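A.B. asks: Sequence:
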Amino acid sequence: MTLHADNAISTSPLFLAWQQLLQQQPRLRTRDVAEQLAVSEAELIASRLGLDTLRLRPHWTELLPALESLGRVMVLTRNEHCVHERKGVYRETTVAASGKMGLVVSPDIDLRLFLSGWHSLFAVEQQTARGLQRSLQVFDQQGVAVHKVFLTEHSDLDAWGALLARFAEADQSRELGLQPAPARAAERDDRQVDTAALAEDWSKLKDVHHFHAMLNRNQVGRLQALRLVGRQWAEPLATGALPDVMTAAAAQKLPIMVFVGNRHCIQIHTGPVHDLRWVGDWFNVLDTDFNLHLKMPAVAQLWRVRKPSTDGIITSWEAFDANGELILQLFGARKPGQPELEAWRGLAETAPALEG
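Numbering (this note's numbering), first residue to last: 382 to 737.
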């Protein structure tokens, strides 16, 4: 199935403004165009309806397992400062009975999906400098991109057409029903936190997946907990150590886990990294199956974090922006039931902590 234009596109002032802006700045990405035009990225994509874009039914329980039929794809998840791209087959997908959570746990594509925040879905067939680009694009109720799936040269175009025919919305309206972002919960004053109780609760963790529940029990934010729990469990590092540790991991051919996410999706790469390059302020991994693009000046804080578990101490590096939002996490490659790689722990512990 190929999307065809109709006359509806001429009635979209937003699309026309987009094209005028691209004439002046042809290298602008969609996200940057949306920012300059003071609209959400979802609204911008919706302005293409009737040209090369189709609105799909957001029936995640049925749609997500159907993505396996597309064959080899590239999945993209990002936040404000970091983009994570991974190639593979979208398989081993499960959606909870509630429909609020999903998992993809294949060796190549590894995702944690918080589906209650997934709102609108579009199929896009857009001509680019590299040819026709086909993608599925998911947005939240604020119109912010959550997750995207791009076809590759190895994808099944017949399956793509069948997917579009199966999930096409009858109503191709540009109305998205967007809502303001929920207010961020205010943290308690540090002086109100029982730091002894926090450290005790932290020390009793049995599974890293129980970390968020522990934070909630102690009524602390993630970064606040790192500040208050004590240096046995969390230490601040110089932000410049982040590309250094990835470079060292590449030199050692050490398999690592790279987590990047937003409020509604976390995407994980597991394996070694190889081709590391700086492009301006961006630190990049440019491997065949895994690309990472990290805007280093946005990393305001970097922490070495140790969490106890039944498998021993699990060590991560966690990068935060100036607003305290998590940008990226690094771990040594491991599966539940396995201890942490000694080589990763040795590397992760090499960088000196900042003085208090």
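Hints are computed from structural coordinates only; laboratory data are not their basis. Be careful, since some hints might not be right.
[To be verified] Label pairs and their in silico Cβ distance ranges:
hint	residue 1	residue 2	range
1	D571	Q633	32 to 42 Å
2	Q405	E443	21 to 31 Å
3	D670	Q719	15 to 25 Å
4	Q633	N665	45 to 55 Å
5	R547	A724	40 to 50 Å
6	D537	A681	21 to 31 Å
7	R572	R511	49 to 59 Å
8	G611	G558	26 to 36 Å
9	R598	A619	27 to 37 Å
10	N665	T533	16 to 26 Å
All of these numbers come straight from a predicted model, not from anything done at the bench. We treat Cβ as the ideally placed atom computed from N, Cα and C, and that holds for glycine.
A.B. asks: Would you mind marking each hint as holding or not holding in the structure?
C.D. replies: Verification of the supplied hints:
1. Checking the proposed 32 to 42 Å range against D571 and Q633 shows it holds: the Cβ atoms sit about 38 Å from each other.
2. As the Cβ distance of Q405 to E443 is approximately 42 Å, the hint placing it in 21 to 31 Å is violated.
3. With their beta carbons about 23 Å apart, D670 and Q719 fall inside the hinted range of 15 to 25 Å.
4. Taking the beta carbon of each, Q633 and N665 are about 19 Å apart, not inside 45 to 55 Å as hinted.
5. Against the hinted window of 40 to 50 Å, the Cβ-Cβ separation of R547 and A724 comes to about 46 Å, which satisfies the hint.
6. As the Cβ distance of D537 to A681 is approximately 43 Å, the hint placing it in 21 to 31 Å is violated.
7. Look at R572 against R511: about 55 Å separates their beta carbons, and that is inside 49 to 59 Å.
8. Separated by about 46 Å at the C-beta atoms, G611 and G558 break the suggested range of 26 to 36 Å.
9. Taking the beta carbon of each, R598 and A619 are about 32 Å apart, inside 27 to 37 Å as hinted.
10. Checked against the given bound of 16 to 26 Å, the beta carbons of N665 and T533, roughly 19 Å apart, stay inside it.
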